Structures are given as structure tokens and as C-alpha cells.
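Visitor: Listed below, chain by chain, are the residues.
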Amino acid sequence: ETGVTQTPRHLVMGMTNKKSLKCEQHLGHNAMYWYKQSAKKPLELMFVYNFKEQTENNSVPSRFSPECPNSSHLFLHLHTLQPEDSALYLCASSPSRTSGGRVTGELFFGEGSRLTVL
Amino acid sequence: GEDVEQSLFLSVREGDSSVINCTYTDSSSTYLYWYKQEPGAGLQLLTYIFSNMDMKQDQRLTVLLNKKDKHLSLRIADTQTGDSAIYFCAEAPSGGYQKVTFGTGTKLQVIP
Chain A
22 ETGVTQTPRH
32 LVMGMTNKKS
42 LKCEQHLGHN
52 AMYWYKQSAK
62 KPLELMFVYN
72 FKEQTENNSV
82 PSRFSPECPN
92 SSHLFLHLHT
102 LQPEDSALYL
112 CASSPSRTSG
122 GRVTGELFFG
132 EGSRLTVL
Chain B
0 GEDVEQSLFL
10 SVREGDSSVI
20 NCTYTDSSST
30 YLYWYKQEPG
40 AGLQLLTYIF
50 SNMDMKQDQR
60 LTVLLNKKDK
70 HLSLRIADTQ
80 TGDSAIYFCA
90 EAPSGGYQKV
100 TFGTGTKLQV
110 IP
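Listed in order, the protein sequences are those of chains A and B. 22 is the number of the first residue of the first sequence in this note's numbering; add one for each residue after it. 0 is the number of the first residue of the second sequence in this note's numbering; add one for each residue after it.
No lab work stands behind these hints, which were simulated from the structure alone. Misleading hints may appear alongside valid ones.
Derived lysine-lysine pairs resembling DSS-like cross-links, with alpha carbons at most 30 Å apart [to be verified]: (1) B:106 / A:57; (2) B:106 / A:39; (3) B:67 / A:61; (4) A:61 / B:98; (5) B:55 / A:61; (6) A:61 / B:106; (7) B:98 / A:62; (8) A:57 / B:98; (9) B:35 / A:57; (10) B:67 / A:62; (11) A:39 / B:69; (12) A:73 / A:57; (13) B:98 / A:43; (14) A:73 / B:98; (15) B:66 / A:57; (16) B:35 / B:67; (17) B:69 / A:61.
Listed below are several chain B residues computed to face chain A (Cβ distance under 8 Å; list not exhaustive) [what the hints assert, rightly or not]: (18) 3; (19) 38; (20) 41; (21) 44; (22) 47; (23) 76; (24) 98.
Computed footprint of chain B on chain A; a stretch qualifies when at least three of its residues, placed anywhere within it, have a C-beta under 8 Å from a C-beta of chain B [unchecked claim]: (25) 56-67; (26) 130-137.
Since the model is a prediction, treat every value here as computed from it, not as a measurement. Each residue gets a CB set at the ideal place from its N, CA and C atoms; glycine is no exception.
Using the sequences and the hints given, assemble the complete structure.
Guide: Okay, structure coming up:
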């Protein structure tokens, strides 16, 4: 497999459920991201991990809990979500700057996990 | 925080040129991007421009940057039905990893 793979592609859950979204990248990148895409709103950055360390938490409610066990895998654990959390959750990865190299900052996205909270 | 603004919708006829506009607020932006999202897919980088450039051309795509007004535009010449998608404007400061700020996306509808 190549690129960024997200599972599941679709998820329906009740407000009391616990579920997880998974992201895997086979690009050798060191930075991984979670973004939330809602209709008519800017793409929202949720979390950034760089070399497995969380470097950004964009004031995300604690009902979203990220986990990055290694540079290739990223999870988003979901617990007691609200209907307004229904959205497309996108995972992305990018290379980090290497010595002497110029990094364009391109993000490589997965196809997203469409979450519906009932 | 940083903001990126763009209109939500644009409709053009096949064969015409499309111009998608974007404004941003962060004066320290170093990289400015256009991403394309086709139905059911994630975002893919279409093109990018560094802040020290005014224009970049790549086949049917022309990117114009007015740094003074913090205005970025994407022109698609000879627009085809396959260009129908959502186009996201984005910006980022320099950095080892990228804290990229995106706009709402502009949905381009191409009418045959």
C-alpha cells in the first residue's frame, strides 16, 4: 500500500459510544495531522504530531483523544461525542525539514472518515 | 489567529476561464497553496507559491499573489468538467513541520 489510508471510511455512532479512527501512512513522513472538515467552514486543524510528539492541540474538546504510537500510525479516539461533531475527519502527513533540504510543506491527505453522531 | 477567506461557490461554462480568489491575514505566511478535493476524496496539492513570488504558471493553472493586499488567486484556463471540485486556499509559515491554515474551500461547478 502507498499513501495515506484511513479506516473506517464511514462511522455512525451514538453519543455514549466509544470508537476510534485510524490513519496509516507509508510515505516515510515524520509529521501527522488530524483535520476536521465541516460544510461551509474552514478546514480545522485539530492535532499535529511531529516525530511522535504532539506539537499542536488546537483547543480541541477532550472527548477527542489522539494517539500516535509511531511515525506511521495515528489514531483519534472518540468518546461521548455530540451531534455537532458529525463531520469528515481527515488525516494528513508531511515530511519534516531535513538538514539542507527545502520542504514545500505539502500535506498528503487520506480520503477521510465520515462520522455521523446520532 | 490566522484566517483564510474564500467564496463558497463558483459556476463557469466549459471552455471558459475560472478565477478563484482568496484572502489571508497572516503577514508572515511563507507558503501559499491551492489544494483540490474531488468528491469522496481527500485533498491533493494542486500548486503552491512562495511569498517572494508574484506569479506562477503551470500548464492551465496560473497563480497570482498580491502580497501587499494579502490576496491570492487561481486561474484555470479552458475549464473542463473534470475540474469540478472543491478548491482550498491555504497558507503556512516556514517550519520543520507545517501548521497549515485552510479556507472554507470554493466549490467549482463546470457547466457543459
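Visitor: So, for every hint listed, does it hold in this structure?
Guide: Against the structure, the hints come out as follows:
At most 30 Å may separate the alpha-carbon atoms for a hinted pair to count; residue 106 of chain B and residue 57 of chain A meet this at roughly 18 Å. Between the alpha carbons of residue 106 of chain B and residue 39 of chain A the distance comes to roughly 34 Å, so the proposed pair goes past 30 Å and is violated. Annotation: proposed proximity of residue 67 of chain B to residue 61 of chain A holds, straight-line Cα distance about 27 Å (limit 30 Å). Restraint check: the Cα-Cα separation between residue 61 of chain A and residue 98 of chain B comes to about 21 Å, which is no more than 30 Å; the hinted pair holds.
Taken as a hint, the residue 55 of chain B and residue 61 of chain A pair is honoured in the structure, with Cα atoms around 28 Å apart against an allowance of 30 Å. At roughly 10 Å between alpha-carbon atoms, residue 61 of chain A and residue 106 of chain B fall within 30 Å of each other, so this suggested pair holds. Restraint check for residue 98 of chain B and residue 62 of chain A: satisfied, since their Cα atoms lie roughly 18 Å apart, inside the 30 Å limit. Taking the CA atoms of residue 57 of chain A and residue 98 of chain B, the gap is near 14 Å; set against the 30 Å cutoff, the hint holds.
Restraint check for residue 35 of chain B and residue 57 of chain A: satisfied, since their Cα atoms lie roughly 16 Å apart, inside the 30 Å limit. Restraint check for residue 67 of chain B and residue 62 of chain A: the C-alpha separation of about 26 Å stays at or below 30 Å, so the hint holds. Simply put, residue 39 of chain A and residue 69 of chain B have alpha-carbon atoms about 43 Å apart, too far for the 30 Å limit, and the pair is violated. Taking the CA atoms of residue 73 of chain A and residue 57 of chain A, the gap is near 20 Å; set against the 30 Å cutoff, the hint holds.
The suggested pairing of residue 98 of chain B with residue 43 of chain A holds, with an alpha-carbon distance near 21 Å, which does not exceed 30 Å. A distance of roughly 16 Å separates the Cα atoms of residue 73 of chain A and residue 98 of chain B; the hinted pair therefore holds under the 30 Å criterion. Taking the CA atoms of residue 66 of chain B and residue 57 of chain A, the gap is about 28 Å. The hint holds against a cut of 30 Å. For the hint linking residue 35 of chain B to residue 67 of chain B, the alpha-carbon distance of about 26 Å falls within 30 Å, and the restraint holds.
For a cut-off of 30 Å, the pair hint linking residue 69 of chain B to residue 61 of chain A stands: about 22 Å separates their Cα positions. Because the closest C-beta pair between residue 3 of chain B and chain A is about 6 Å apart, less than 8 Å, the hint holds. Taking 8 Å as the C-beta contact cut-off toward chain A, the hint placing residue 38 of chain B at the interface is violated, the least distance being around 11 Å. Proximity of residue 41 of chain B to chain A holds as hinted, the smallest CB-CB distance being about 3 Å (cut-off 8 Å).
Taken as an interface hint, residue 44 of chain B checks out: its beta carbon lies about 5 Å from the nearest beta carbon of chain A, inside 8 Å. Of the supplied interface hints, the one on residue 47 of chain B holds, with its beta-carbon coming within about 6 Å of a beta-carbon of chain A, less than 8 Å. Given hint, residue 76 of chain B at the interface with chain A, is violated; its Cβ is 23 Å from that chain's nearest Cβ, farther than 8 Å. Proximity of residue 98 of chain B to chain A holds as hinted, the smallest CB-CB distance being about 6 Å (cut-off 8 Å).
With a threshold of 8 Å between beta carbons, the proposed coverage of the segment 56-67 of chain A by chain B holds, since 6 of its residues qualify and at least three are required. Counting residues of the segment 130-137 of chain A whose beta carbon lies closer than 8 Å to any beta carbon of chain B gives 4, which meets the minimum of three for the stated coverage.
Of the numbered hints given earlier, the model fails hints 2, 11, 19 and 23; all others are met.
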